[in-house]
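J.: Based on the provided sequences and hints, a complete structural model is requested.
This is what each chain is made of:
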Amino acid sequence: MSEVVQVGTPSAAGRPVAVRDTKALVAKSLKRRYAAERRFRLYGVAAIAFAGFCVAVLFVTIFSNGYTAFWQTNIRLDVTLYPQDIDPQGDRSPKALSTANYQKLIKQAFGDLFPDVQNRREKRKLFDMISPGATFVIRDMVLKDPGLIGKRVQISVPLSDDIDQFAKGFIKAETPESERRVKDAQIDWFQRLKDRDLVVTEFNSTFFTAGDSREPELAGILGAIMGSVFTMIVTLAISFPLAVGASIYLEEFAPKNKWTQLIEVNINNLAAVPSIVFGLLGLAVFLNFFNLPRSAPLVGGMVLALMTLPTIIIAARAALKAVPPSIREAALGMGASPVQVVFHHVLPLSMPGILTGTIIGMAQALGETAPLLMIGMVAFIVDIPGSPVDPATVMPVQIYLWSDSPERAFVERTSAAIMVLLCFLIVMNALAVVLRKKFERRW
Amino acid sequence: MDMTNVATEMTDAAPHLPSHGHSQAAGEPKFVTRGVTVHYGEKQALFGIDLDINTNEVTALIGPSGCGKSTYLRCLNRMNDTIPICRVGGSIELDGENILAKEVDVVHLRARVGMVFQKPNPFPKSIYENVCYGPRIHGIASGKDDLDEIVERSLERAGLWKEVKDRLMEPGTGLSGGQQQRLCIARAIAVDPEVILMDEPCSALDPIATAKIEELIDELRENYTIVIVTHSMQQAARVSQRTAFFHLGDLIEHGDTDQIFTKPKNEKTQDYITGRFG
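Protein chains in written order, with our numbering: chain V, 1 to 443; chain B, 444 to 721.
Calculated directly from the structure, the hints in this document are not laboratory data.
A portion of the hints provided could be inaccurate.
Unchecked claim - Listed next, the in silico SDA-like pairs over lysine to any residue satisfying Cα-Cα at most 20 Å (straight line):
1. B:K562 - V:P324
2. V:K125 - V:L198
3. V:K321 - B:K562
4. V:K321 - V:I267
5. V:K437 - B:K568
6. B:K545 - V:P255
7. B:K568 - V:S326
8. V:K321 - B:P527
9. V:K123 - V:D188
10. B:K568 - V:V339
11. V:K256 - B:G484
12. B:K562 - B:S513
13. B:K568 - V:R436
Stated by the list, open to error - Which bits of chain B does chain V cover? Going by a derived footprint, with three or more residues having C-beta under 8 Å, they are:
14. 522-532
15. 542-554
16. 575-588
17. 625-631
Every residue gets a Cβ at the ideal spot worked out from N, C-alpha and C, and that includes glycine.
T.: Here is the structure:
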């Protein structure tokens, strides 16, 4: 009762109460408060608009630079597969078929289109217009069906990257001849081919089915994609169970003392270690000590797993912490053992958070190049890796290598590769959203 | 007698599920606690509590906030073990066995001494999963049919069966607060414990839901020993046979509820139950 007396009559405390116009004061301060709120909203909208603009510029740039890479200028050639050139012995042995001089056939077929070109130098210029990959097209055809030998076949072979760039308009005829890679004569021949309706623009399937190459028109992203896929599988297989196990132990079972505190600080610091340091660690431990294969996705995945671990551990611990204690108490009160509490209740409830952290970590790992530098994955590798121990490179490395190449045609391929990488990231993030929604539970 | 009652009686008689409550006569001590002390780090929360809790009776623990009644309650199934800095001393005997002894298995103890918490905390799973969780982890049920039966009987006893029988597979968190708390009670009795501890089970509920729970507690007394912590004197008077009054970590007074509320021996108890403090 004594409290009520004090509140009811302030004057009883012996303090005179000044008369204020509270209403006016509040109205005045309200105006200021609303203004502050409006300003804050404005900052937010402006920031989002600016960010959106930047993203739009980025995407438009990449897309406008890169979409042409998905098309390739080809030429339709009628090639006669003379048996005496392909298989002089006539035994149709695979060795003979795969080592035959197909280039001669191509040159013959292409040269027949321009009977007026006789000069050796001119001829060389002429044959430069066709990609060296054309011979592989015929070889693969013959190897697949030796019955074609002796027949005349129509094939579509890629033109060289310079002609392709000219056809796409990136090399302009107005540029002085000495400053462009496509000579006047070649422009003239190309025009003649076009007039005879032999030039076709086709979907560049090579880009998605081939490994890297020195010739842009033969270079593809599949090798890098497979390298990335193997690397990511290894990374996920190592880092996810390790990180979840570590965070469960630290969060639910480990005693809280200075040792665990030290470990916690170290984990948080590890997340901020420059990624190349992990590469050095991988070089010293995995390659030099354990003698694991160089340039292999296995080692790359292990190094990236080390780099990803702290990210997942931090996210997983936060997710485990966010599970309300009432759920733990309920399970403990039912007589569940601590392990049952974790695996029946806490872990399923924290899965959305853990998965989000994992995907963030994986996306980070997918875009990483520096640690791979140290273990030999920043390399020119033509073959498409078939297993995690084959030499391989990964997508960001491929992008870096192409962006460094002088050929004009690699510019568009760089952008195209970035598009592919972005697609993978978008798919991964979409997957994260879907998984989160699937596992999400209310309490 | 309707069909559901028949089913209940039949399952009651099932040999694999002995109802512990019937083995002792009402009024005999289930828990005998002597000199129970609890320290949270340096701070002492309980100063030697001597209290007997009788079989098949409802014992109410009352007292102002921070008086140690919840701490005492949580000693009875060793839930305080989950707090690293918490130390419990003295002796707590359940049917003559000191449950504070190191060799006592807390998992087994908690199967015998169930608990219902202040805030309804059903697992974010289906109603069915909630109830069958205990029987499942303890391996009580012998098969799917048996499990179904236990779930039905538990929900029946908790007075929830009629309301949820058509939506057993819907999440338990989708129920109303009072239903959730009854689901938690059903979950606790599904393992057929001897004692049920209730930590302010009605403090988050509206009066109608509270009335239902109180009614339920009264029914459960037939089969279980119940200890309930409550802030409501009326509730203690309504549901309990015995009442213990805690103040600042000490047990001030305990005895029959009628006696405590009509002629308390201690002045502090008198002050508290008449609302002069707390």
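J.: Each hint needs a verdict: does it hold in this structure or not?
T.: To see whether the hints hold, each was checked on the structure:
1. Straight-line distance between C-alpha atoms of K562 of chain B and P324 of chain V comes to about 12 Å, which keeps the hinted pair within the 20 Å bound.
2. Distance hint between K125 of chain V and L198 of chain V is fulfilled; the C-alpha atoms sit about 19 Å from each other, no more than 20 Å.
3. At roughly 19 Å between alpha-carbon atoms, K321 of chain V and K562 of chain B fall within 20 Å of each other, so this suggested pair holds.
4. As the CA atoms of K321 of chain V and I267 of chain V are separated by approximately 16 Å, the hinted pair is consistent with the 20 Å bound.
5. Among the hinted pairs, K437 of chain V with K568 of chain B is consistent with the structure: their alpha-carbon atoms are about 16 Å apart, no more than 20 Å.
6. Distance restraint check for K545 of chain B and P255 of chain V: the Cα-Cα separation of roughly 19 Å lies within the 20 Å cut-off, and the hinted pair is therefore satisfied.
7. Distance restraint check for K568 of chain B and S326 of chain V: the Cα-Cα separation of roughly 14 Å lies within the 20 Å cut-off, and the hinted pair is therefore satisfied.
8. Straight-line distance between C-alpha atoms of K321 of chain V and P527 of chain B comes to about 16 Å, which keeps the hinted pair within the 20 Å bound.
9. Distance hint between K123 of chain V and D188 of chain V is fulfilled; the C-alpha atoms sit about 14 Å from each other, no more than 20 Å.
10. Only pairs whose Cα atoms come within 20 Å are accepted, and K568 of chain B paired with V339 of chain V is accepted, the gap being roughly 18 Å.
11. For the hint pairing K256 of chain V with G484 of chain B, the CA-to-CA distance comes to about 14 Å; that is within 20 Å, so the pair holds.
12. For the suggested pair K562 of chain B and S513 of chain B, the alpha carbons sit about 13 Å apart, so the restraint of at most 20 Å is met.
13. As the CA atoms of K568 of chain B and R436 of chain V are separated by approximately 17 Å, the hinted pair is consistent with the 20 Å bound.
14. Counting residues of the stretch 522-532 of chain B whose beta-carbon sits less than 8 Å from any beta-carbon of chain V gives 3, enough to reach three: the coverage restraint holds.
15. Check on the stretch 542-554 of chain B: 5 of its residues sit with their Cβ under 8 Å from a Cβ of chain V, so the three-residue criterion for coverage holds.
16. Check on the stretch 575-588 of chain B: 4 of its residues sit with their Cβ under 8 Å from a Cβ of chain V, so the three-residue criterion for coverage holds.
17. Judged by the Cβ-Cβ criterion of 8 Å, the stretch 625-631 of chain B is covered by chain V as claimed, because 3 of its residues qualify and three suffice.
Checked against the numbered hints given earlier, this structure breaks none of them.
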